[in-house]
Amino acid sequence: MTPTSSTGDVTFGYFPDDERIDVALDRGRFARALVLDTPVRSLADQVSECRVLWHTDVELPEGVYWFQGVDDGPIILQVAGGALPGGAMVESPYGLDAEHPLLAAWGWAEELWHKAAMVPAPLFAVNEAVLTHPGGVDVVVRDRKFLREHWTYTVMVEGRQQDVVESRLRPRPQIDAPPMWVTREPTPASRFGATLTRAKLLGKFANTLFSFRATRTTFRPYQFKPVLKLLQTGKARLLIADEVGLGKTIEAGLIWTEMEARGEADRVLVVCPSGLVGKWKEEMEDRFEFELTELDSAGLKSFLERHQQNRLPARQAYICSLERLRTWGGLEDLQVVPPEFDLVIVDEAHSMRNQDTKNYALGTELADWAANLVFLTATPINLREQDLLNLLELLVPEDYGSTLDLQLRLEPNRIINAVTARLGEKGVRGRDLIAQLDELRTTSLGGALMRRPDFGLLRDVLAKDQMTPRGIVDAKRYLAGLNTLSTVITRTKKVEVDDHKAKRTENRQEIEWTNAEFDFYKEYVQWCVNRAAAMDSNLYFAMQMPLRLASACLPMARQAVLDPDTFGDITDADSDAAAYRLEPHAELVAAAQRLPEHVDTKFDALQEVLRGLHQQERRALLFTHSRPTLAYLAGRLGTEFKVAVMHGGVSREARRQIMGDFRARAYDFVLANRVASEGLDFEFCSAVINYDLPWNPMEIEQRIGRIDRIGQKEETILVVNFVNEETIDERILARLLDRIEIFESSIGALEPIISAQAPKALQAGFDFTLTEEQRDQKLHEALTAIEEQRAGLRDVSDASSALLVSNDVDVAGLEDDLVRTGRYIGQRELALLLDDWARTDAATGVRFAPDGLTLELRGNATMAARVDDLAKSAQRSRTETRSISAQLRNELPVTLVLDQEHARTHGGTLLTATSPLTMAAAAIPGHRQARFASLRITADSDEVAPGTYVVVLATAATASRRGDEIWGAAVTQAGRNAGDGSVDALLAALAEGKFVDAPLPTIDRLPTLAERAMNRLHLRHLDEQDRRDGEFDALKEARIVTVTAQHERKLATIRKRIETALARGRGQRVLAGFRGQERRAEEKFAALLEDIRTASQPEIRLEPLAACVVQIVDRMETG
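Position 724 (the sequence shown) corresponds to 724 in UniProt numbering; numbering is contiguous.
Each hint can be trusted.
Here are the simulated DSS-like pairs of lysine-lysine, each with C-alpha atoms no more than 27 Å apart in a straight line:
(1) K493 - K503
(2) K872 - K204
(3) K493 - K426
(4) K713 - K642
(5) K476 - K426
(6) K358 - K301
(7) K1050 - K1036
(8) K301 - K281
(9) K1050 - K1084
(10) K476 - K1036
(11) K301 - K279
(12) K493 - K235
(13) K235 - K1036
(14) K713 - K493
(15) K1084 - K1056
(16) K281 - K358
(17) K713 - K503
(18) K994 - K204
(19) K778 - K522
(20) K476 - K493
(21) K281 - K235
(22) K1084 - K235
(23) K279 - K358
(24) K476 - K464
(25) K235 - K476
(26) K1036 - K1084
Hints in this document: simulated from the structure, not taken from any laboratory. It should be emphasised that the depicted structure is a prediction, and the values quoted were computed from it without experimental measurement.
Make the full structure from the sequences, and use the hints.
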């Protein structure tokens, strides 16, 4: 193709440096400019029309081309992402060979001109003084660039430069930017890693999971669903509705841990039933290192006084029983100036579902106190729609004011959930699902949902006949995000959790007493009946401890009769129960004397069971309810086996030591009661022995749950139950347990039913005013009620799919993804940060144990002072810093654990982001930090190709609803986009503490490559801002639909009252009152609409963080 020209003066030229636009401009005026794969800057001012095009994949040499004298107007072509530059040339096109590079370049320029996007004229000039909006801060434009759709300006703010889009002018750093950083000497890997870790800790990045591997718990992906929901939505007003036994307490602890690491949990309140206060205190301290202060009567009084005097500590975590708090007189005093908590957790929150109760009234107060409110309940499927509404109204009252509000949100849910269910069908066609999704248009909120960016992405995923596994996963994720209840409810069912549960096998030991044993038991029960009568009380309530003792351990009951002074009160020392003392009658004393001291049929059977287990090398956990029985068993078994005892009187540290020794096989068996075993994991045991049956059958489930958990290696676990049909309680309990099939599978969903029916059955069994036939009838009625309610529970569960949110957060492969991408804070990463801090402050650094599981840190007075500063600034309390500060000041070793599982199984202080040591290390002044490094990293070749990459990391401020994010981009040595693999490998190596220094390779145009990587981030900036603006507008639209519906219902009610008043001839005063209500409602609605329509969200701001040259080496090649 030969160019035509009306002037006849045609010149084509090329210069190999794509930045030297001036070479072309010096040759004359140009009407047009086309820029390929690089931002437009000053060129837009030099030509009449400028256009830009990205991702062209045109194999032209990089550089600047110009074509003068052509009829369509002279044009400049700037190529940045092409082949390697050639030699400079200026030629007349006439007579050139048809294959000449300049003719080919001109052909490309004219063809791509029509595909490129027009660059609008910029509103501001370089060096022009402007204001930020909003904010009104004076800034000066230092640079500007056009990538796509928007001009982006670089401005100086408080000594830093920041890039912002033209509409808002928010700041971004320039004087100290990646192209300049890479011209300096690389800093050591250790200092560079510490810089990035400090940025992660101080930036509180929303795409970094701080709670991962940061607690003494076993990793279970589904337990992170509420945390991920918190990070996605930017708030924690959540109803966690998991089925029983899935660890809602741990999920709450993980939320607390995540917020604590982000500096958002200084004041916390836990409210739970009185029977769970001890469990919560122990679990929070043992697993999460959170200390809860109980608000008993005296504590509440002190709390109120200190609150009224404005003297509450800046950091404190409290726990109070639901029963005490709901009846506390101080609630009314707090209504004027409510206390402020960063986080309030309510366990068994379904107790607040009825608006006519004190529990609900307490819920309204707690909702007012809490910035973040988390409800835990296992029984939402038992709730009516109105009950669920009441709970949601406490969590988010602005969205749920009536059942109609809930129904408004449930309309699209039924369609979304139906599509989600169909995704699991074999051979489902995506296009068919699109047609079903289009039914959303028929719902009030459907239009707003369909205008959300994620809906467009969902349609793209479904727009195919055959769905791939990846496509199904992506579709489910988008659908979950569209679920209108997904921001406030998270739910996991047991069927969704692949725990590879072990099979339970029962070994029932039927105990048959000798005549002497039975005679003693019969007289002992009569003694209890007499004692209850003397107390004018019910036998079931008054004599639980004595009756349970006789069923559990007849020799100890015998001792209580014959030697009461030595035995003491017949109570469970772990409980508050006390028993009334009445001298035993003569027949009982005689029966006790006739019973030989060495006769114990039940113990003999136990001994044989333990010998069998010992021979099989199976460790077992034996449970009994009382300390006297524990003491008796320990005394007799200790002569043959290695046994340990755990009860409420054993300190927490001693319990941990026993656990560690038990794991190491220092013991054959551990004897425990309920209080001692709560919160401990015995998954290394394969047998549970119930020496007696607890009166609350759910305790059986909890006992078995100590070993039937993740980590259990046996395919079958053994449950040994000692049952004596001659005892009243065990005869009843055995029948009850058989009916609910507790030994075949978990019975968590039946907990509310069993908790209500079991006491009724036991109470009837001990009611001697009834005949034996009447007692059996009562038991039959209780068992029938359980079966009926079990069937009803299944029906309600099946009908609840449209109401509750399940599969709402994709946690499949969560652990692998976090490890692969490094989006967490690793223990070794923190260890190297402490080492950097120690060396900066002239201490000796850290010393790792040979196994790498622990470290030892020795500090000095300077480091101690930094820890003290945390208390002075109220970031931590004196209680939290005092011990650590003293150890550092006295240069004593501080031992820290670097492995989550080791901390869980052996105890010790796990190094986490919330540690005062970590916080002090993160506060090292910025002038001691590094921006550029040359690193060698090993990675799997299937994740990232081996080679050399230039990587730039940046902070994307307010990039999500939750806050800032860390972004990264990489290019190859040829300047091509390298994708996410090398960025992920870099962050993964950082979290694992595996940065290694490497000599800086010779790379041509390194500053240019750093700039190109930065340009990738600018493009992402624009995409994310557009997506976020679209999401924000759709959510505003949905909010307008909701409040308009609420307003119309309110107006209809008021107008109905006016009609009624007119019909009844009420006076003008009454009518004026109603019309005043109507006017105020209209005014309030208009103001609310204006607030919604004018609401804006913060602009995403991009700030470069670091740059590095990364040499990726295949992990397989390094061994």
